[in-house]
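So the sequences go chain by chain: A and B.
Following this note's numbering, the numbering of the first sequence begins with 1 at its first residue and continues without gaps.
Following this note's numbering, the numbering of the second sequence begins with 1001 at its first residue and continues without gaps.
Possibly wrong hints are sitting among the right ones.
[What the hints assert, rightly or not] Pairs of lysine to any residue residues, derived as SDA-like cross-links and limited to a Cα-Cα distance of at most 20 Å, are as follows: (1) K173/A to N1275/B; (2) K1311/B to W180/A; (3) K143/A to G1272/B; (4) K173/A to G1272/B; (5) K1287/B to R175/A; (6) K143/A to K1311/B; (7) K173/A to K1287/B; (8) K1287/B to K143/A; (9) K1311/B to P178/A; (10) K1266/B to K173/A; (11) K1287/B to P29/A; (12) K1287/B to G80/A; (13) K1234/B to S150/A.
[Stated by the list, open to error] Which residues of chain B face chain A? A partial, calculated answer using Cβ under 8 Å: (14) P1236; (15) V1427; (16) L1506.
These aren't lab readings, by the way, just hints derived from the structure by calculation.
From the three backbone atoms N, C-alpha and C, an ideal C-beta is built for every residue, glycine too.
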Amino acid sequence: MPDQSTSGISEEFVSGNSPPLPHLILTVPREQLGEFFIILQQGFTLTARVGGSLQELLCEQLGLSREYVTERITTLFLNGKAIDNLESAIVTDGATVALSAAMPGLVGATMRRGGYYAAMRGAITYQTGDSGTTGGYGTVRIKLFNLLLSELGPDFLQRGIMLPAPMLNAFLKARSTPFWETCGVNGTPIGTRPAQAGTGLPACGMVSLTVQFKEQP
Amino acid sequence: MDKIARIDMGAAGGPKVTVEEVGEYAGLGGRALTSLFIAKEVHPLAHPLGAENKLVFAPGMLSGTTGSMTGRLSVGCKSPLTGTIKESNAGGQAAQVLARIGYAAVILEGKPEGDDLYKIIINKDGIQIVVDNSLKLLDNYPLVEKLRGEYGDKVAYITIGTAGERKLLAASIACTDPELRPTRHCGRGGVGAVMGAKRVKAIILDDAGMKMRAPKDPDKYRDANRKFVEGLRKHPVTGEGLPAYGTNVLTNVLNEAGGYPTYNFKTGQFAGSANISGEAQAELEVKRGGSATHGCHRGCVIQCSGIYNDKDGHYLTKQPEYETVWSHGGHCGIDDLDTIARLDFMDDNIGVDTIEMGVTIGVAMDAGIIEFGDKAGAIRLMDEVGKGTPLGRVLGCGAAITGKVFGVERVPVVKDQALPAYDPRAVQGIGVTYATTTQGADHTAGYAIATNILKVGGDVDPLKTEGQIELSRNLQIATAAIDSTGMCLFIAFAIMDQPETFQALLDMLGSFYGIEMTGDDVVALGKKVLSAERDFNKRAGFTKEHDRLPRFFYNEPIAPHNQTFMMKDEELDEVFNW
């Protein structure tokens, strides 16, 4: 497996909190990373330069090494379409990018980038020209699946991500007491589950979330 | 594994055992043995629940050895669900134990008069058939618990629940796992109903006093097995993805691809998918003191199963697989893992196929019996199946019957068997296999993805759309061959990507039997099996017109990609032209 230290996200190009959004900072033990998988699977938003290729987004903006992208992220979707060629897939404003490691089963093999069975899902394969080419900055929704959750998730969470307020509120409301007992909110330990688990966030619109991981002694 | 046992359940004076040499079936195992046997000995127009049908249990070619991943048990018969030939296989301990006792196959023939229920005890001393009416109407978990009281924990059990006893067409045959839980099922095609028709409730396999099967060349076999295991462990799918998340890791990916059939195949994405994904499931299992990594039989390296505990930390069921989570989950609009796990337990306990039952409940929802997303309602319907009420008997006979009884037009079946968890409008290539397989709609019929290494059918350009017919053909040939070895199909990933791992598998087979095996031999075996199965189906009245998907797949575009199934009939008819 490629070295994960090569997957640092570039703050220059990608930011979860560049617009002035209501911002929540959670501090949790690293063992609680799995609690955040539901957000990472459902997808979070980043500001990014758009109009370029998927390869450019992953390697230049997100800072993932080419080796990691080639060997580890073997299954990719852009707006629900399976990707075979990262360089010809264009990321536009509002696009959704889903990233996965190799999957089991025939259909797992079918979805694999440039795989032997790619023809079997030809009806949902990304074709050149499926996206426009407008440049500038915009937003991109990222989804992480399976092995990539623990490998890429911490970087994204520490740098900050954007997500709809109802989604974050629902996430916070669903956390159990043991989570809150180990959690700090905006620098303050909580100790018990807050009565209003939304911690003062708005009910609608976008908000940003940063997660700081503290190592257990 | 040099003998075959025939048990005539309908013999005058009571069941009679005949043991014979393995003869023309020497060197065969699993699906090769069951299908060649059924094709030869069962009248194609026999009633599947009648005395003319036969039920064959066959371990794989390497079962009972020290080899890894060799624990699949094949069961073959004429299917009461599809009317076709049927091979259904499962993990668990049964194949290993049966092979060590020395049987290449155990065959149930005939049909007894009367209502007596039998159990069969197979050990080194022979085969005993005993009337035991105290087992009547026990479901699989209490049944195995009761048998354990008599036969202990150092055996393997093959059982049917009440669904099999009632001869419901979705009935499965359960094999116990290493913890003696009846969690591994020969699920598809109603094989449990055939066992029920033979009035056999349980088979107890005891290999006490028997040794591991010995290879012809022990050193070469040991070396090949070591390389095979290394290959499985280093591959990201078999060494990381499956052990960490199990097969349910596919939920997120299929949903993202728009190929996740939702609300009885009305749309290709489910809003609640992240709540029931393999990632969420593994997290919950570990948090509750269960496990996301568990082997269904001893000698499994991949360990794609797990233990699912309830919220109080008590065992509820084994880790539900992707197809189960889909059929009871997204297909029915249910996004609650505890409900799905409860339904999985009920499937295993009553003894029914999880795919068939989940799809059936979705069809019942389409009929308006309960609403999509009704968790309590889904459990209530399963209860009806378990109790054998008139409604439960209809549901327990599968999606096709249920659709007919309730007048539902959208019934996702081929040859009356429910489609699995991949929409053929998004993944058209798998639709070719669903339509044409000898088994009725079955994702595993074209699952052995190592065709490029096997060189089945020569070189195919996979990026050409017209290559899909060839790909499906090659996949079905390769799968028939792998199913005959008794190896778990999940080995196919490591074989596909790592030629040295495929060579290790060939070396295992070759060194065990003292022969040189090549990829061509494997391909020839696959073709032989498929040809026999096709011939049986033809004699049973199946034509090319049966090799089609239901019309709604051609007429109703599915979101988000707005696709219909586009393969032409004449293309489908080319699949078996080799």
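Consistency of the hints with the structure:
With a C-alpha separation of about 15 Å, the suggested pairing of K173/A with N1275/B holds against the 20 Å cut-off. The suggested pairing of K1311/B with W180/A holds, with an alpha-carbon distance near 19 Å, which does not exceed 20 Å. For the given pair, K143/A sits about 15 Å from G1272/B by alpha-carbon distance, which is consistent with the 20 Å threshold. Between K173/A and G1272/B, the direct Cα distance comes to roughly 17 Å. Compliance with the 20 Å bound is thereby established for this hinted pair.
Restraint check: the Cα-Cα separation between K1287/B and R175/A comes to about 13 Å, which is no more than 20 Å; the hinted pair holds. Straight-line distance between C-alpha atoms of K143/A and K1311/B comes to about 28 Å, which puts the hinted pair past the 20 Å bound. For the suggested pair K173/A and K1287/B, the alpha carbons sit about 18 Å apart, so the restraint of at most 20 Å is met. Taken as a hint, the K1287/B and K143/A pair is broken in the structure, with Cα atoms around 23 Å apart against an allowance of 20 Å.
Of the supplied pair hints, the one linking K1311/B and P178/A holds, its CA atoms being roughly 15 Å apart against a limit of 20 Å. The hinted pair formed by K1266/B and K173/A fails the criterion: a straight-line CA distance of about 32 Å is larger than 20 Å. This hinted pair checks out: K1287/B and P29/A have alpha carbons roughly 15 Å apart, not beyond 20 Å. In summary, the hint linking K1287/B to G80/A is not supported, as the alpha carbons are separated by about 31 Å, beyond the 20 Å threshold.
Simply put, K1234/B and S150/A have alpha-carbon atoms about 19 Å apart, close enough for the 20 Å limit, and the pair holds. Given hint, P1236/B at the interface with chain A, holds; its Cβ is 5 Å from that chain's nearest Cβ, closer than 8 Å. Because the beta carbon of V1427/B sits about 5 Å from the nearest beta carbon in chain A, less than 8 Å, this interface hint is met. A hinted interface residue such as L1506/B counts as satisfied when its beta carbon comes closer than 8 Å to some beta carbon of chain A; here the least separation is about 20 Å, so the hint is violated.
Hints 6, 8, 10, 12, 16 from the list above are not met by this structure, while the remaining hints are.
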